[in-house]
Each structure stands twice: as C-alpha cells, then as structure tokens.
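There are 2 protein chains.
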Amino acid sequence: MEISPVNLAEIDTPAVLIDVDRADANLQRFQAFANSHGLAVRPHIKTHKLPRFAKRQVELGAVGITCQKLGEAEVMADAGLTDIFLPYNILGEAKLNRLVALNERVTLAVTADSETTIRGLAEAFGDTGKPLDVLIECDTGMGRCGVQTPDEALTLARLVDGCTGLRFRGFMTYPKIGAVEENEAFLAAAKRQATEAGLDPRIISNGGSPDMWRAHEVTSATEHRPGTYIYMDRFQVAKGVGTWDDCALTVLATVVSCPTKTRAIIDAGSKSLSSDTFGMEGFGRIAEFPDAVITSLSEEHGIVDVSGCARKPQIGDRIRIIPNHACVVSNLFDEVVLISGNEVVEVTPVAARGRVD
Amino acid sequence: MEISPVNLAEIDTPAVLIDVDRADANLQRFQAFANSHGLAVRPHIKTHKLPRFAKRQVELGAVGITCQKLGEAEVMADAGLTDIFLPYNILGEAKLNRLVALNERVTLAVTADSETTIRGLAEAFGDTGKPLDVLIECDTGMGRCGVQTPDEALTLARLVDGCTGLRFRGFMTYPKIGAVEENEAFLAAAKRQATEAGLDPRIISNGGSPDMWRAHEVTSATEHRPGTYIYMDRFQVAKGVGTWDDCALTVLATVVSCPTKTRAIIDAGSKSLSSDTFGMEGFGRIAEFPDAVITSLSEEHGIVDVSGCARKPQIGDRIRIIPNHACVVSNLFDEVVLISGNEVVEVTPVAARGRVD
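Order-wise, the sequence lines are chains U and E. Numbering (the numbering used here) for the first sequence: 558 to 914. Numbering (the numbering used here) for the second sequence: 558 to 914.
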C-alpha cells in the first residue's frame, strides 16, 4: 500500500476505508443526544483503536474513553488520553503490575465481579498511595460477566469500599440488546441499595450501540459507552441505529473471479471481514451491488451470490463492503485509509490493533 | 509479554502456544505418507505464517511452499524460501508489478481462472525475459474460484500457452471436502485433454488437509498442498485427520469470571479464537475441561457452559483451548510462543501475519 496515495484508485485491495466525515457526524449526533439527556458519554475505542478518534471523542464532550484491554489502554495513555475506563476483571501479577503503572499516569477505573478479582486488586494497590477506582460489574441480562443480583452487587461494593487501595465508584453493565427495562430495574436497585448502605455509587455506566438511542430510558445510568456508533455497520443498520449512509467503515475489495453467471469471488474473506454474522444472512453488504449476497468466506476469498443482481459484477471491479461488524475489521488490518468523499486524507496505522492482553 | 520467558507460567494470556514437537511430528507424518505414494508436498504456509516452519517443511522434503497472498510470498522470499506457488488470480497494476519483482528472485507460479486474469498477467510479463508459470484453477466441486469444466480448462490452458511471458504448467484445485472421486474425475479429464492437445500439464496440484490421507486416491495429482496439518485443530480432529494429541496450536487463556455455577468467562474471545465454527457447536475445546462448551464469543470474552463438568473451572485458572480453526488464530496474534512440553523455547513474531494484499 502507498504511504501517501493521492487518490483512492491507488489503494490496493483489500483495504479498510474510513469516511472521516461520516464518522465525525456519527460522533456528534450521539454526543448531542446524550447532552440533551444529561448523560455522560464514555466511548469504547475498541471499534476504531485509533488515538485520533479517541481524542476527537473527548474534544466533542466525552468524559473519557473505554478500553477493553490493558494493552489498548496503554496505547491510548501513550497517545495522551487521560481518563480511561477498563471494564474488565484484571487478574494475575503481570497485568496487575501494568495496571498499577497505568494508574500512576491516568485517571483509571476498572470493574470487578468477584471477591477473587477484588482481593487481587486490593493486594496490588494496597500501598501504592493512589487508590484504584472500581465499579462492580452487573449482569443485567446479557449473560456474560457480572454479579447476578443487586444484593451480590452490594456485597462486592462493600468489599471494595473496605479495601485500602481501592475506591468504590459505582456499577457497570454491558446490557442485553433490547432489555432496557430489565437493565434499568437492576441498576436502579443496585444504586438504591448501595446508597442506603452509605456508599457512593456515583457512576452508573451503561453500554452498547444497539440501544443507544434509548440510553436515556435507563434513568439510573450516569454515562453511556457506545463503541460501534462511530462507524456503524450492517448489524447496527439492521437494528435501526443508523442508515447505510451513516456507515463510515467499508472494506474495499476487488472481484477476482466470476466462475459462473451467478457467482462472483472477491478478495475479501474472513481475514478481512471476519466470520461474525450476529445471526444475519451473509457477511456484509456490497454498496455497489446491494442485491448480492456474500454467502460464505474462506480466509482470502468471499463467495458472492449475484443471482439477484440486475447488473452483474465483473472481474476487476472494485467494490465497497459494509461489514457485519466494524470493530473486528479494525483489528484485522495494520492500517486504515482515511477518506473524505473519494479523496484519501491519510493512511494511518491502527495503533491499538492486536493488543490481546 | 516477556521477550525471553523462562517458563510457561510467565506467559500472560491470551497467548498462542505452538508445541514444536507435535508440529514436527505432524509434518513428518504427512511427508512420509506422500513419499510412500510418490506425491510431492507443497505445504500451505497460511496456517503458520512462520519462515522457520516453511524452511522445516522444505527440509523434510517439500518441493516448495504455497502462499495465499502476494504479501505472504514476499515475506517468505525475504526469509530465503525459493519456490513459491501462489494459487490466486492476481489482478491490477500494483500487484502485477510486485509479482514481476517476486518472479525475478524465486521460482514462482500462480493460478488463473479467466481470460481477464491471463491477459493481465501476459501484459505484465510479456517482455520481462523470465516467463511466469501459470496453472489453471479448476472448480472440482468446492464452488469457489475455478473453471467449471475440463473443456474450459483446456481453453484457458491454450490461451496461457500462446502468451509470451507465460508458461502453462498444469491444473490446480482446492477441492470440496469428501468429494475425492469428483475431484479426480475433473482433474484426470483436464490432464488428458491438455496432453492430447499437445500441452504439457506437468503439475496437477491438489489441496486441503481434511482429505489429505486420501490424497493418493486423486491419482492424476502430482502434488498436494496441506496447510492445517502442521497444527491440526478441532475441525481436523472432527474430520478424523488427527487426534487431540496431534494438536500443536492452543490458545492459553485465563478464567476471569464465574458469575453462576454453570457459566465461566475466559479472556479469549473472537479476537483470539475467531468466530469460525465450520458448522460445529462451540468455539473450541478446552483441554483441561473437555466437557465444557464455549457457547459464544464477544471480542474479548468467551462464554463457557460448564454445566457438564464434574470439576468446575475457577477464577484464575489457566486453560488451553484447541481452536476450531488454527490458521485464523495465527493471523490474530503478533507473536506466538513456541513450546516443547511445558518449556518455552522462544517467543517469535508471526512474520507473515496480516499480509492482506
């Protein structure tokens, strides 16, 4: 790939294109919405993994950022981000040492959902002089991490509150899509019980892009952590969160074969689009051929059923695909191409890509 | 991650472990099998993406290697590999220029399945002085790239044969799993027709690990291109290609949460294991808890149903997962940990990871 290409035609495929105007509009739209509801925004950077967009999110009003991995948080701290939430159970000496070092240089908070995690954090931070902020993760319906009841949340909140080196800050959830009432009921109960117990649950952190336009209905929440909202993707459009015209990330690919009248092969496979389906048919939407269906993927091939297309793709055609899931695509490419309209703005490395631990 | 860790306990999670003894045994086993049948081996390096293993494959008797991407081939050429097959339709000026440069320094062959691809290759190589070897890709049942009939194969073979700068070398397929007879019938017909037409189809290249122990049944084939055989994985075991004890690649992960009696959460999600299922239930086999089921993945979380486990995983447990698909895991990690038994041999960068174009 060219270092400083002058136009999009010089970008070899497959490549990830980021429409910076669309991305910025997406950021502004949700920030304005949250502002109108008095809700803080703490964007999840896993979607873009780029310091420039994290900084832009803060510039637009975000109170800080969210990272899913310590390694991502370190990249963002190196880039100058100063307020980072890491909603993950951090365990083990190696990671705890890194967490202590990170806490020395940024405003940091983590989550915990077990006594084991809390004891480990307390041991690591006991005599550091700068306590670590801890939120209790609540499973409000998603069925992933998190305590199962507000009572358990209170128990762990008290445990954190009693640990030298830790400071209890509130509750966090990554909610089940669509379960807004269930989510609110859990968080409200946890908040009330903690308050009644004399604790200070000042942050109630809710997350996810799919229900972000209903974020204000979770009235106990003080902040929201959307991630995918910056780029949107096929799943978010399916959920009604945005439109095709809001999708800022596309995978540029080339048609490399048309073995039959109804089949085209593209040079974007699972190594470019990932195998994520989220229960949808197909592996992305081809902007130029919306009636085509990417029926299956090998690592370096996408198999496309073009039987529904009035005009058929031809070998050599360059196409743009809106992937099912934008976040995972960011992790598959060492660099992305920032564009404005059809002009290339810059080719930039994905700084926090591949930070697995 | 440590640069030179002395033992496995110092390796932070998630991490990819490669058991070098198992990998070497896997390589030797298939090479011996192929030797006994007079079949050349041309391993696909997409699985490991590591020059050291490519060199070892050649040392053990492989006639050369296979790469799926030009970028992978360039990495391997840089590392000293001298005979590379790139079974892909190479299109476009940027890639064709790179292909010409690569052909100057290694023995190189590509595939084509259309007149468009062949015309492009012919134009790029017409006056380079060193012709490019071209095999015609045949769709013998897989339904991906490839001409649909032996007649079409002959037509393209003749076209290649008539192009200055190109040299027709034979036919290639990536076959449908289990369709050995169908595969052989197509290749045998293509070979016979080309020979009768006065052409020299001296290489008939068959591929895939799932049917590699039946490779000799495709009697017209002169070479086989297994990829996953070096590491094996859950899919290959399901197909009977190897056993759990042959699996050389595992993902080391940590149990980070046990929110309920029947659910454990691990720090390996789709960013470590990929979402590939190949139609199987679950996203990998946990060696220490074979009755556990990894039911779903977020990017950084694996959700594990432990209801079937007599002994349950505990928070902080380190586990090893045999993934559904080893090749895609190699692409998700910047480095892998080579081990012998439980000793760390070396932590090495995955040199050809992320070579998307």
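Worth double-checking, as some hints may not be accurate.
Note that the list lumps identical chains together, so a pair holds whenever it fits in one copy or between two copies.
[Stated by the list, open to error] The list that follows gives simulated cross-link-like pairs (lysine-lysine, DSSO-like), each with its CA atoms no further than 30 Å apart:
1) 733 with 612
2) 796 with 818
3) 869 with 733
4) 818 with 869
5) 869 with 687
6) 733 with 818
7) 612 with 869
8) 687 with 796
Derived from the structure by calculation, the hints contain no laboratory data. From a predicted model like this one, the values you see are computed outputs, not experimental measurements.
As a check of your reading, is residue 733 near residue 818 (CA-CA no more than 30 Å) within one copy, between copies, both or neither? between (42 Å within a copy, 20 Å between copies)
Evaluate residue 818 and residue 869 at a C-alpha cut-off of 30 Å and name the case that applies: within, between, both or neither. Within one copy, since 8 Å is at most 30 Å while 53 Å is not.
One pair to classify: residue 612 and residue 869, alpha carbons no more than 30 Å apart. Within, between, both, or neither? For residue 612 and residue 869, the Cα distance exceeds 30 Å both inside one copy (42 Å) and across copies (43 Å).
Given identical chains, is residue 869 near residue 733, meaning Cα to Cα at most 30 Å, within a copy, between copies, both, or neither? between (40 Å within a copy, 26 Å between copies)
At 30 Å max between alpha carbons, let me know whether residue 733 reaches residue 612 within a copy, between copies, both or neither. Within. Shortest intra-copy distance 28 Å satisfies the 30 Å Cα cut-off; inter-copy 49 Å does not.
Intra- versus inter-copy proximity for residue 818 and residue 796 (alpha-carbon distance at most 30 Å): Answer is neither: 33 Å inside a copy and 32 Å across each miss the 30 Å cutoff.
Go through the copies and call it for residue 687 and residue 796: within, between, both or neither, with a Cα cutoff of 30 Å. Neither. Shortest intra-copy (42 Å) and inter-copy (54 Å) distances fail the 30 Å Cα cut-off.
Check residue 869 against residue 687 for me: Cα-Cα at most 30 Å, and say if that holds within a copy, between copies, both or neither. Neither, since 62 Å and 36 Å both go past 30 Å.
When each numbered hint is compared with the structure, violations occur for hints 2, 5, 7 and 8.
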